[in-house]
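**Q** Quick note, the sequences are listed as chains A and B, same order.
For the first sequence, the working numbering assigns the number 638 to the initial residue and increments by one for each residue that follows.
For the second sequence, the working numbering assigns the number 34 to the initial residue and increments by one for each residue that follows.
You may find that some hints are simply not true.
What the hints assert, rightly or not - One-sided and incomplete, this derived list gives chain A residues near chain B with beta-carbon spacing under 7 Å:
| hint | residue |
| --- | --- |
| 1 | A813 |
| 2 | S840 |
| 3 | D931 |
| 4 | Y935 |
No wet-lab data here; the hints were simulated from the structure.
Glycine included, each C-beta is placed from N, C-alpha and C at the ideal position.
Residues per chain are reported as follows:
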Amino acid sequence: MATSRETAANKRSSSKSGPARRTSGGAKKAATPDQGQSDLIRKPPEIAKFTTEEDSQAYRDMLLIRRFEEKAGQLYGRGLIGGFCHLYIGQEAVVTGVQMVLKEGDQVITAYRDHGHMLATGMDPKGVMAELTGRRGGYSKGKGGSMHMFSRDKHFYGGHGIVGAQVSLGTGLAFANRYRGNDNLCCTYFGDGAANQGQVYESFNMASLWDLPVIYIIENNQYAMGTSVTRSSAETHFNQRGVSFRIPGMEVDGMDVRAVKAAAEEAAEFVRGGNGPIILEMKTYRYRGHSMSDPAKYRSKEEVDKMKDREHDPIERVKARLIDGGMSEEDVKAIDKEIRGVINEAAEFAQNDPEPDPSELWTDIYAEDGSEAA
Amino acid sequence: MNMVQALNSALDVKLEDDPDILTFGEDVGYFGGVFRVTDKLQEKYGLTRCFDTPISEGGIVATAIGMGAYGLRPVVEIQFADYILPAFDQLVSEAARLRYRSNGEFWAPITVRVPYGGGIFGGQTHSQSPEALFAHVVGLKSVIPSNPYDAKGLLISAIEDDDPVIFFEPKRLYNGLFEGRPDDPVKPWKDHPLADVPEDVYRIPLGKARMVREGADVTVLAYGTMVHVALSAIEECGIDAELIDLRSIVPLDIDAIVESVQRTGRCVIAHEASRYGGFGGELSALVQERCFHHLRAPIERVAGWDTPYPHAFEWDYFPGPQRVIDAMQRTQEV
Chain A
638 MATSRETAAN
648 KRSSSKSGPA
658 RRTSGGAKKA
668 ATPDQGQSDL
678 IRKPPEIAKF
688 TTEEDSQAYR
698 DMLLIRRFEE
708 KAGQLYGRGL
718 IGGFCHLYIG
728 QEAVVTGVQM
738 VLKEGDQVIT
748 AYRDHGHMLA
758 TGMDPKGVMA
768 ELTGRRGGYS
778 KGKGGSMHMF
788 SRDKHFYGGH
798 GIVGAQVSLG
808 TGLAFANRYR
818 GNDNLCCTYF
828 GDGAANQGQV
838 YESFNMASLW
848 DLPVIYIIEN
858 NQYAMGTSVT
868 RSSAETHFNQ
878 RGVSFRIPGM
888 EVDGMDVRAV
898 KAAAEEAAEF
908 VRGGNGPIIL
918 EMKTYRYRGH
928 SMSDPAKYRS
938 KEEVDKMKDR
948 EHDPIERVKA
958 RLIDGGMSEE
968 DVKAIDKEIR
978 GVINEAAEFA
988 QNDPEPDPSE
998 LWTDIYAEDG
1008 SEAA
Chain B
34 MNMVQALNSA
44 LDVKLEDDPD
54 ILTFGEDVGY
64 FGGVFRVTDK
74 LQEKYGLTRC
84 FDTPISEGGI
94 VATAIGMGAY
104 GLRPVVEIQF
114 ADYILPAFDQ
124 LVSEAARLRY
134 RSNGEFWAPI
144 TVRVPYGGGI
154 FGGQTHSQSP
164 EALFAHVVGL
174 KSVIPSNPYD
184 AKGLLISAIE
194 DDDPVIFFEP
204 KRLYNGLFEG
214 RPDDPVKPWK
224 DHPLADVPED
234 VYRIPLGKAR
244 MVREGADVTV
254 LAYGTMVHVA
264 LSAIEECGID
274 AELIDLRSIV
284 PLDIDAIVES
294 VQRTGRCVIA
304 HEASRYGGFG
314 GELSALVQER
324 CFHHLRAPIE
334 RVAGWDTPYP
344 HAFEWDYFPG
354 PQRVIDAMQR
364 TQEV
C-alpha cells in the first residue's frame, strides 16, 4: 500500500527534493521569474442568482448565527459567560456562502471569532452555547471556552486563540488531504489582523510550493481589534498578499452571500483541480466590538450604521430578495420564530447543564488519560 | 551503529512499517539532513514521505500539527535546537494543548527531532540545551537519549506515541561518545556495548530510566551527553556513585530516582543547560519533597554557567568531569 501511494506521489512530483506538484492545467503552470503577476490578481466571478431554496437556506443559516450571537451577547451581559467572547454579527455571509460549496470531508479551521463557523458546519447550537457557559455538555466539556471548540464529525478543526496560528495548521490539513490522495480541501480562515503574522507567509510559501488544496479566506472586517487596516497594513488589498508566492487572489463582497458562494465555488474548483492554494479576501464588517469588552470607540457610529442598513446588511439583503420573490411576511416570520426557538433552547441548555466534574481538570492532557505524565 | 545510524534505522523501520509516517525538515530530503540522520530515506521512500522544507520552523511544526490532527504521524527535524524558538508558539499553544481543549477529539501525534547541546564550538545559537523550556509545557513530552541503542528504541516509541514528543538528540554524541574531555582522542561508538543496535523494530518505553552504574555513596542524575561525562567522573574519582540516565524528563521515572536517593542519601544532578531555572531545579525539588528525611547532604547541581553559551570559553562553560567530581565530593563531606 505504501509503495503504490509513494509511486503515485512521485509521478506527480516535478521537484528534486520536495513533494511539489505542478499540474498541466493550472493557471500557475507557466510561472517563470520574468512573467508578470497579472494572472494572480483575479476578478471575482459573476454573481449567479440564487434560487428561492438557496436564498431561503442562506437566510436561515445566517439568521441562526446572528440570533445565536445576540443571545451569547445577552448571556455575557448577564454574567453567564465569562472571559472572552468575540461575536460574528455582520460577517455571517462569509462563512454561510463558503459552506454552501463544501463537500463532505472538507475541513474548516478558523481563529477565535468562531461561533459562526461552528454553526455553519452543522455543529449543535446547544453544544456551542454550553461551551460558552463552561458546562459539561459543551463541545470541549467547558474546558475550551468560546475560542476553543472542535468537531471531528463536522470536520471542524477549531477554534484557535492565537492570532494566525491556525493558518499553518490548515496548511498541514491540506497537506494531509494531498498525502491521502482524497479530493478534499481545507478552508483556512483568518482575519486582516492575522494577515500580518509571519507564519502566514511561511504557510503561503509551503502551500504554493507543494500545491496544497487550501483556500485561504481572509475575513477583512477592517479592524485588527482596534487598529484599522490602514493603520496596520502596508498593503491593504489582502487578495494580493499571495502574489510573491504565486498564489492567486480575489477580492469578494463578503456582505453578499451570493458573491461569496460564487467566489468560493470558483476557488474550490481551482483548488480541487490540483492547482494549489488560492486566497479569497472577503470584504466584510463586524457590527460589534472586537470582543465583549470593546466599546469600539475607534470608529464612528455613522460608519457602523451605514454597514448595518438594509443596503449592506447580509441578512436584510437576502430577506428583501425572498420577499421580492414572493415569500410572504408570515413565512419569513415563521423562519424567524423557528430560529429563535432553536436559540432559546440552546440558551436554556447552556444555563441548566451542570458544570464539568472537577475530575475533568485532569483528563485529555496526555494520551494516557487522567494521569500526570511525571 | 553510531547514534546517527541508529536514528536513521529507527526512521527507516517506521517508514517501512506505517504509511502514515512521513519525515521532513530543512535539508532532510535530498541532502539527508545536516547531520545525515535522514540519509537515503528519500531515495527509499520517495519525495512525498521524506522531503525538504523551506527554512520556516514555525511552519514546519505547524503543518505537522495539522497533519497529525488529521491522522498522519509526522516526524520533523528542526536542524538545531536553537532554531526551535520560532515554533515555540505552535508547540505550546497548539500541539501541547489540542487534546485538552478539543475534549480529546483531536491531538498531535508528532515527533520533533532536535539536535541539541554543546561541545562543538557552535557558540550561542548552535550549542544550547533548551529542554527545560519544553519540560515546563504541560502536554509535551521530552526525550533525550544518550547512546545508539536507546536512541533507536526511544525514537520508535516517540513516533508511536500519540502525544507530541520533543526528541532531543545530543549532537556531540552522534558520531562517538564524549566524556567532557576535549583533549582526549574521539572514542568511536563501535567499541561500545550500546552501539550494538538491532536492525529490527524494538521499543524503549518513555519514562523508564536506565541504571548505568550501581553505587552506594551518591546518586547522580543525568541525561544526554552528561551521562558519559558523569560516568567518566565517577570512574576517575573513585566515589562509589550510582548513575541514572533519565532518558526522558517528561515523563520522568520518579520512582527510580526516589528509590536510589533514599538508598544513597545524596544526590547530584548534572545537565549542560544553564543552572538558573534549569531542569535540575525541578529534579532537586522533586527529590527534596520525596526524600527529605533520607538526605544526608544538600542536593548538588552541576550545570552550564548562567551566561549565554560562549564560543571562546567552551570548556569553561561546559560542565566537564571535574565539576561533577567536585560536586560528588561536596556531598561526601557533610
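**Q** Let's test the interface hint: is any C-beta of chain B closer than 7 Å to that of Y935/A?
**A** violated, 27 Å
**Q** For the restraint on S840/A, tell me whether the closest CB of chain B is nearer than 7 Å.
**A** holds, 6 Å
**Q** Taking the closest Cβ pair, is D931/A under 7 Å from chain B?
**A** violated, 22 Å
**Q** Classify the hint on A813/A as holds or violated, based on whether any CB of chain B lies nearer than 7 Å to its CB.
**A** holds, 4 Å
Violated hints, listed in ascending order, are 3 and 4; each of the other numbered hints is respected by the structure.
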